[in-house]
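Enquirer: Residue-level listing of the chains:
There are 2 protein chains.
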Amino acid sequence: MPDSLYHRQREPLLVVISGPSGVGKDTVIQRMKERRLPIHFVVTATTRPARAGEVHGRDYFFVSTDQFAEMIEKDELLEYAHVYHDYKGIPKQQVREALASGHDVLMRIDVQGAAKIRQLTQGGAVLIFLTTSSEKELEERLRARKTETPEGLNLRIATARKELERLIEFDYCVVNHDMTVDDTVDKVIAIIEAEHSRVKPRKVRL
Amino acid sequence: MPDSLYHRQREPLLVVISGPSGVGKDTVIQRMKERRLPIHFVVTATTRPARAGEVHGRDYFFVSTDQFAEMIEKDELLEYAHVYHDYKGIPKQQVREALASGHDVLMRIDVQGAAKIRQLTQGGAVLIFLTTSSEKELEERLRARKTETPEGLNLRIATARKELERLIEFDYCVVNHDMTVDDTVDKVIAIIEAEHSRVKPRKVRL
Numbered sequence: 001m002p003d004s005l006y007h008r009q010r011e012p013l014l015v016v017i018s019g020p021s022g023v024g025k026d027t028v029i030q031r032m033k034e035r036r037l038p039i040h041f042v043v044t045a046t047t048r049p050a051r052a053g054e055v056h057g058r059d060y061f062f063v064s065t066d067q068f069a070e071m072i073e074k075d076e077l078l079e080y081a082h083v084y085h086d087y088k089g090i091p092k093q094q095v096r097e098a099l100a101s102g103h104d105v106l107m108r109i110d111v112q113g114a115a116k117i118r119q120l121t122q123g124g125a126v127l128i129f130l131t132t133s134s135e136k137e138l139e140e141r142l143r144a145r146k147t148e149t150p151e152g153l154n155l156r157i158a159t160a161r162k163e164l165e166r167l168i169e170f171d172y173c174v175v176n177h178d179m180t181v182d183d184t185v186d187k188v189i190a191i192i193e194a195e196h197s198r199v200k201p202r203k204v205r206l
Numbered sequence: 001m002p003d004s005l006y007h008r009q010r011e012p013l014l015v016v017i018s019g020p021s022g023v024g025k026d027t028v029i030q031r032m033k034e035r036r037l038p039i040h041f042v043v044t045a046t047t048r049p050a051r052a053g054e055v056h057g058r059d060y061f062f063v064s065t066d067q068f069a070e071m072i073e074k075d076e077l078l079e080y081a082h083v084y085h086d087y088k089g090i091p092k093q094q095v096r097e098a099l100a101s102g103h104d105v106l107m108r109i110d111v112q113g114a115a116k117i118r119q120l121t122q123g124g125a126v127l128i129f130l131t132t133s134s135e136k137e138l139e140e141r142l143r144a145r146k147t148e149t150p151e152g153l154n155l156r157i158a159t160a161r162k163e164l165e166r167l168i169e170f171d172y173c174v175v176n177h178d179m180t181v182d183d184t185v186d187k188v189i190a191i192i193e194a195e196h197s198r199v200k201p202r203k204v205r206l
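Protein chains in written order, with this note's numbering: chain U, 1 to 206; chain Y, 1 to 206.
None of these hints come from the bench; they were simulated from the model. Do not take every clue at face value.
Claimed, not checked - Here are the simulated lysine to any residue pairs, SDA-like style, with alpha carbons at most 20 angstroms apart:
1. Lys25/U x Tyr84/U
2. Lys25/U x Arg35/U
3. Lys200/Y x Glu193/U
4. Lys200/U x Ala115/Y
5. Lys200/Y x Ile192/U
6. Lys200/Y x Leu167/U
7. Lys200/U x Gly123/Y
8. Lys203/U x Ile168/Y
9. Lys92/U x Ala69/U
10. Lys200/U x Ile157/Y
11. Lys200/Y x Glu169/U
12. Lys25/Y x Ser197/U
13. Lys200/Y x Ile168/U
14. Lys25/Y x Tyr80/U
15. Lys162/Y x Ile192/U
16. Lys200/U x Met179/Y
17. Lys200/U x Arg198/Y
So here's chain U without its partners, still in its complex pose:
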């Protein structure tokens, strides 16, 4: 009898939650945090200003453009992108340390960034694409956000359309209905659970 069967190590997972702006990535992750799961939630570095209620070090690391440039120069970011006039990046060390401690790591990242993580990890990451149940719902959510100029809104809608075409590059697709965020969270947790039950587990090397 193969020893490995009874002494299987639980490989920590790198889980990427992505999808167009407005699908509710932040809300889903917030709700996941409230469940006190043994998951490390990556704190992204960004140059954009904090929105109401956002806390430095908890929601994002809010850094200056100069600070961000330094992080790029010192190769401290797993990946970064210039999105809607702001920079966003994933601190490399944070992800490595969390994985090394055996915890699953979850990151929220835009669609282009998710594709980069996929390449970087050679299929070792679990890529989840969040979407709305219709294009109309997505537009309504972006409109309701009211943090955008009309031009900014149109840019986000156009970008979202392009991003939806990249679904095929992801492993899983979860529809996030406005009224049932908890169902979405249940599905994400089910995906994580199932991935841990795979006979051939994914392995992340970063």
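Position chain Y relative to chain U; hints supplied.
Expert: Here is chain Y on its own, set in the frame of chain U:
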């Protein structure tokens, strides 16, 4: 925007629960049935006598050897096997009809049979391997069953050892601890949920 994203059909799944005798396949499936999930549980045909509490048409179709031979001859079985002096088989029409009605279909089957289903469906089925947390636990469970002669017991233990080596042919592995059957059921349900969220769903053709 691809239409397919918002009009994705929910493909019914063919889920196979397998694993050596004694790992608790029947208990897990019984507990799943109690949850009233929208799943069709396949009723296997067998020539072995009913155990205490087993009901014809619910737990198994208990048939005579002559009846079983007729089912083989008429090609009415998806697969069948001669296991421990008895015949067991999966009625083909039952599975086809359940899938056609859009329901997920779950079947309990021995390890050899699962491998056949895998071939037959060309990876279209979801194969779950149930196991115990140790070889000792498996032996204890088989002993506790007390339905076996000493020779029968030794045969089952030897067979279980060989079967554990076939884990690699399965998609998922779930450890079924004696005291936590509900956790096992939760994991199986998580696997089904995750499989429904795959960007590239499996397709069963039988």
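Enquirer: Now tell me if each hint is right for this structure.
Expert: For each hint, the structure was consulted:
1. Between Lys25/U and Tyr84/U, the direct Cα distance comes to roughly 17 angstroms. Compliance with the 20 angstroms bound is thereby established for this hinted pair.
2. A distance of roughly 16 angstroms separates the Cα atoms of Lys25/U and Arg35/U; the hinted pair therefore holds under the 20 angstroms criterion.
3. In summary, the hint linking Lys200/Y to Glu193/U is supported, as the alpha carbons are separated by about 19 angstroms, within the 20 angstroms threshold.
4. Pair hint Lys200/U plus Ala115/Y holds up; C-alpha atoms about 17 angstroms apart against a cutoff of 20 angstroms.
5. Between the alpha carbons of Lys200/Y and Ile192/U the distance comes to roughly 17 angstroms, so the proposed pair stays at or under 20 angstroms and holds.
6. At most 20 angstroms may separate the alpha-carbon atoms for a hinted pair to count; Lys200/Y and Leu167/U meet this at roughly 10 angstroms.
7. A C-alpha spacing of about 15 angstroms is found between Lys200/U and Gly123/Y, which places the hinted pair at or below 20 angstroms, so the restraint holds.
8. Restraint check for Lys203/U and Ile168/Y: satisfied, since their Cα atoms lie roughly 16 angstroms apart, inside the 20 angstroms limit.
9. Between Lys92/U and Ala69/U the alpha-carbon distance is near 15 angstroms, which keeps this suggested pair within the 20 angstroms criterion.
10. Between Lys200/U and Ile157/Y the CA atoms are separated by roughly 25 angstroms; this puts the pair beyond 20 angstroms, and the hint is violated.
11. At most 20 angstroms may separate the alpha-carbon atoms for a hinted pair to count; Lys200/Y and Glu169/U meet this at roughly 10 angstroms.
12. Proposed proximity of Lys25/Y and Ser197/U is supported: the alpha carbons are some 17 angstroms apart, at most 20 angstroms.
13. With a C-alpha separation of about 8 angstroms, the suggested pairing of Lys200/Y with Ile168/U holds against the 20 angstroms cut-off.
14. Of the pairs offered as hints, the one joining Lys25/Y and Tyr80/U is violated, with about 47 angstroms between alpha carbons and a cut-off of 20 angstroms exceeded.
15. Proposed proximity of Lys162/Y and Ile192/U is contradicted: the alpha carbons are some 30 angstroms apart, above 20 angstroms.
16. Distance check on the hinted pair: Lys200/U and Met179/Y sit about 26 angstroms apart at the alpha-carbon level, beyond 20 angstroms; violated.
17. The suggested pairing of Lys200/U with Arg198/Y holds, with an alpha-carbon distance near 17 angstroms, which does not exceed 20 angstroms.
The structure fails hints 10, 14, 15 and 16 (numbered hints given earlier, in ascending order).
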